[in-house]
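Peer 1: Take the sequences, apply the hints, and build the full model.
Protein chains in written order, with this note's numbering: chain A, 1385 to 1501; chain B, 1385 to 1501.
Since the hints were derived computationally from the structure, they do not count as laboratory data.
The reader is advised that the hints may include incorrect statements.
Same chains, same label: a pair holds when it works inside one copy or across any pair of copies.
Unchecked claim - Calculated pairs, DSS-like style, for lysine-lysine (alpha carbon to alpha carbon, straight line, at most 25 Å):
1. K1398 to K1501
2. K1501 to K1437
3. K1446 to K1497
4. K1465 to K1412
5. K1398 to K1442
6. K1437 to K1497
7. K1465 to K1497
8. K1430 to K1442
9. K1412 to K1446
10. K1446 to K1499
11. K1497 to K1398
12. K1496 to K1398
13. K1398 to K1414
14. K1414 to K1430
Number of protein chains: 2
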Amino acid sequence: MGKLKCEPDPSIDKRLALRDAIELLSGKWKVCILSNLYHRGTMRFKDILETSKGITPKVLSKELQHLEDNLMITRTVNNTKPVTVSYALTDHAGETQPVISALILFGLSHRKKIKNK
Amino acid sequence: MGKLKCEPDPSIDKRLALRDAIELLSGKWKVCILSNLYHRGTMRFKDILETSKGITPKVLSKELQHLEDNLMITRTVNNTKPVTVSYALTDHAGETQPVISALILFGLSHRKKIKNK
DNA sequence: ATAGTCACTTTCCTTAAGGTAACGGATAGT
DNA sequence: ACTATCCGTTACCTTAAGGAAAGTGACTAT
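Peer 2: Below, the structure is given as structure tokens:
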């Protein structure tokens, strides 16, 4: 494979954006949590704890805070007994859909390539 | 945001693909190295060491091996004095382009959202 | 003989991610 | 009073990522 294009380096803005986007999806649980919320809609803490198999409450709590800080999910304390808390995706989280699709498409092709080694 | 669609859970294949794809791009240096190779074409070890500012030879060596294992780059030992080694993207690496574009697009929008907090 | 280049490798260290297990406050049922 | 549910927190530990600094081996130039 030779040189492709020889554009100037990507702008600093794009590099920061790329780094932020990857960080937001990196780690063992974030995509799993987002995916669960996407497919099941609003969920309570305990629901996510059970569907994200293997996660502990401590880690889940941290991940949810991180996702909330990044405006990917909303956290709503319900007026119930005992207290329940609902989490749901924001509209902004919907913008990850093209990213996820592209990642899956590449990942599928990549796994094929790797298997034939 | 209510429930979006209520598809069944994604297939196990897609989940694995997604995880692999994210892992391949996670970490401090991989995207940086790929981006350098993409914009500059074939590069020697020292070139990448200098353009990926802050990386150490040990870490670069490890990252390059990882990328080679994943068929993203080729490693060619040149018949020169002193020995030089050339790295270049594979065709397969080109398939990350839609992923990177999607990540940048999302990242730019995300950074705007976060700034207005 | 000495010093330099290139592509690493080795050793040692710090930091951060993630896991385990137990505990806490609020509330309710029996 | 005792137990249970829910949503966490706290304290402690292990592992992995990554950084700093020096060294190695093959070769060349002076």
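Peer 1: For each hint, tell me whether it holds in the structure or not.
Peer 2: Outcome of the hint check:
1. K1398 to K1501: between (34 Å within a copy, 21 Å between copies)
2. K1501 to K1437: neither (31 Å within a copy, 33 Å between copies)
3. K1446 to K1497: between (35 Å within a copy, 21 Å between copies)
4. K1465 to K1412: Neither way: K1465 and K1412 sit 32 Å apart in one copy and 45 Å across, limit 25 Å.
5. K1398 to K1442: neither (34 Å within a copy, 27 Å between copies)
6. K1437 to K1497: Neither: 29 Å inside a chain and 31 Å across chains, both beyond 25 Å.
7. K1465 to K1497: For K1465 and K1497, neither the intra-copy (52 Å) nor the inter-copy (35 Å) Cα distance is at most 25 Å.
8. K1430 to K1442: within (12 Å within a copy, 43 Å between copies)
9. K1412 to K1446: both (12 Å within a copy, 22 Å between copies)
10. K1446 to K1499: between (35 Å within a copy, 22 Å between copies)
11. K1497 to K1398: between (29 Å within a copy, 15 Å between copies)
12. K1496 to K1398: Answer is between; shortest inter-copy Cα gap is 12 Å, intra-copy 30 Å.
13. K1398 to K1414: For K1398 and K1414, the Cα distance is within 25 Å both inside one copy (23 Å) and across copies (16 Å).
14. K1414 to K1430: Classified as within: same-chain Cα gap 16 Å, cross-chain 36 Å, threshold 25 Å.
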